[in-house]
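Asker: Place chain B on chain A using the hints.
Here is how the chains run, residue by residue.
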Amino acid sequence: MSEEQDDIILSELSDEELVPQIHDDLYDGMKEEIEESVHILLDRGWMPYDVLTKALVEGMRIVGIDFRDGILFVPEVLLAANAMKGGMAILKPLLAETGAPRLGNMLIGTVKGDIHDIGKNLVTMMMEGAGFEVNDLGINNPVENYLDELESGEYDILGMSALLTTTMPYMKVVIDTMVEKGMRDDYVVLVGGAPLNEEFGKAIGADAYCRDAAVAVETAKEFMASKHNQLSA
Amino acid sequence: MAMEVDDNTLTEKGLDVPDVKTGRVLLLACGALAHEILALKRLNKWDHMDLQCLPAKYHLYPDKIPAAVEEAVHKHHDDYETIFVVYADCGTGGLLQAKCAELGVEMVAGPHCYSFFEGNDLFAKTSEDEITAFYLTDFLVKQFDAFVIKPMGLDRHPELRDMYFGNYTKVVYQAQVNDPVLDAKAQTCADKLGLPLERRFTGYGDLEVALVDI
Chain A
162 MSEEQDDIIL
172 SELSDEELVP
182 QIHDDLYDGM
192 KEEIEESVHI
202 LLDRGWMPYD
212 VLTKALVEGM
222 RIVGIDFRDG
232 ILFVPEVLLA
242 ANAMKGGMAI
252 LKPLLAETGA
262 PRLGNMLIGT
272 VKGDIHDIGK
282 NLVTMMMEGA
292 GFEVNDLGIN
302 NPVENYLDEL
312 ESGEYDILGM
322 SALLTTTMPY
332 MKVVIDTMVE
342 KGMRDDYVVL
352 VGGAPLNEEF
362 GKAIGADAYC
372 RDAAVAVETA
382 KEFMASKHNQ
392 LSA
Chain B
21 MAMEVDDNTL
31 TEKGLDVPDV
41 KTGRVLLLAC
51 GALAHEILAL
61 KRLNKWDHMD
71 LQCLPAKYHL
81 YPDKIPAAVE
91 EAVHKHHDDY
101 ETIFVVYADC
111 GTGGLLQAKC
121 AELGVEMVAG
131 PHCYSFFEGN
141 DLFAKTSEDE
151 ITAFYLTDFL
161 VKQFDAFVIK
171 PMGLDRHPEL
181 RDMYFGNYTK
191 VVYQAQVNDP
201 VLDAKAQTCA
211 DKLGLPLERR
221 FTGYGDLEVA
231 LVDI
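Protein chains in written order, with our numbering: chain A, 162 to 394; chain B, 21 to 234.
Careful, some of the hints might be misleading.
Stretch-level coverage of chain B by chain A, calculated; a stretch enters the list once three of its residues show a Cβ under 8 Å from a Cβ in chain A [said to hold, decoys possible]: (1) 112-118; (2) 175-184; (3) 195-206.
Residues from chain B shown here face chain A by an in silico Cβ test under 8 Å; the list is partial [to be verified]: (4) P82; (5) E101; (6) P131; (7) M172; (8) N187.
Read the hints as simulated data drawn from the structure, not as lab findings. All C-beta atoms, glycine included, are put in the ideal place defined by N, C-alpha and C.
So that you can see chain A by itself, here it is in the shape it has in the complex (with noise of 0.2 Å):
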């Protein structure tokens, strides 16, 4: 973002110039400069999830809508991701160790005959910077995968992605046999993708269509409180 930028030492920056460095940092993608800033925030006494939310969530949120205005492409969201994945790294056993808040559990993972992952790997790491825990199924799903895992555990989310007009009616497969089994209302269902709609999501039965990752955040979050609010009603 600036030519200044090999002038700079990050840790001679006061906590309030090196917090919107890290935004800047996050916005070039500079993962070696993330790491470093991450490392020096938390040697200053910070909180692992102060430094998550205040620094990289923070600027993953203006990368975003960024990205929404036209402003930033994909190949520079990959970056200031593949950036933030730096410091996540450092940051999630301490987050664990800490007890930072969570807001509720995912599971996630691309559809069958699917194998495209970068959407659904930036809504991962994206919820998890918002305080979800996220279970990731990886690519090329069977129905079978989504519903012996949510069995299996205790999940509120599930969140299905997919790229091709060819894979994305497979998503209707996979709710439909949630409903033959009686499970779908047990679950919010959050789907996504390059060809998907809001007609598309309601179609097949999904809670709500999520057109990016910060979407889903905040649509995870809303569906996390309004089940909440019935549970304290």
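Answerer: Then chain B, alone, in the frame of chain A:
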């Protein structure tokens, strides 16, 4: 006389209808299919058909296709007896099919050009076994940098290759014509992705079948 159109123009701007119109059939196509359609017109002497192409770069932004098709259909509706849309679903998630139904025009069957070039029935049977194949057509081989390398940022950030292509195991080049120059280019494309190449001659497949029925 054979019409010459360059690939960069087809990618960025498409192809306008001719000044002198037949008034019979307008083929409203993806720019990536222009060479194949013009070849079929020539071979079959389909002189009652005119061709207009939308920019092939919509391949990268399928959400733009239905609106662009609608605009072109409205523009030429009074000039032709029949307008036929030479797109498959092409990543529109059924929205192009719905738009064509609304406009009262027909379109090519199938999910995308890789399918109709190979033949929709055959592709449906075989594609499940090769979900890790990355498909290229003649046009995409010629315009590989414009459609793959540059938009994916691989020219600037080759380290992203694995994030995009880590799950792929091969490049399948569906050749519409036999051309050693294109074969060599396809090999270069596969090399850039770090994947083995499989060449498969398809000819025009179901594209010809679709057009012959108009």
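Asker: Tell me if chain A covers the stretch 112-118 of chain B under the three-residue, 8 Å CB rule, please?
Answerer: holds (count 4)
Asker: Using Cβ atoms only, decide whether N187 (chain B) comes closer than 8 Å to chain A, and label the hint accordingly.
Answerer: holds (4 Å)
Asker: Identify whether the interface hint at M172 (chain B) stands, where standing means a beta carbon of chain A within less than 8 Å of its own.
Answerer: Because about 6 Å separates M172 (chain B) from the closest Cβ in chain A, which is inside the 8 Å limit, the hint holds.
Asker: Given a cut of 8 Å on the nearest C-beta pair, is the interface hint for E101 (chain B) held or broken against chain A?
Answerer: With a closest approach of 30 Å, the E101 (chain B) hint is violated.
Asker: Hint P131 (chain B) vs chain A: min CB-CB distance below 8 Å?
Answerer: Constraint on P131 (chain B) satisfied, holds at 5 Å.
Asker: Using C-beta distances, would you say chain A covers the stretch 175-184 of chain B, given that this needs three or more residues below 8 Å?
Answerer: holds (count 5)
Asker: Do at least three Cβ atoms from the stretch 195-206 of chain B come closer than 8 Å to Cβ atoms of chain A?
Answerer: With 0 residues in contact (Cβ-Cβ under 8 Å with chain A), the coverage given for the stretch 195-206 of chain B is violated.
Asker: Please check whether P82 (chain B) passes as an interface residue: C-beta within 8 Å of a C-beta belonging to chain A.
Answerer: This hint holds: P82 (chain B) lies near chain A, its Cβ roughly 7 Å from the closest one there, short of 8 Å.
The structure fails to meet hints 3, 5 from the earlier list, while all remaining hints are met.
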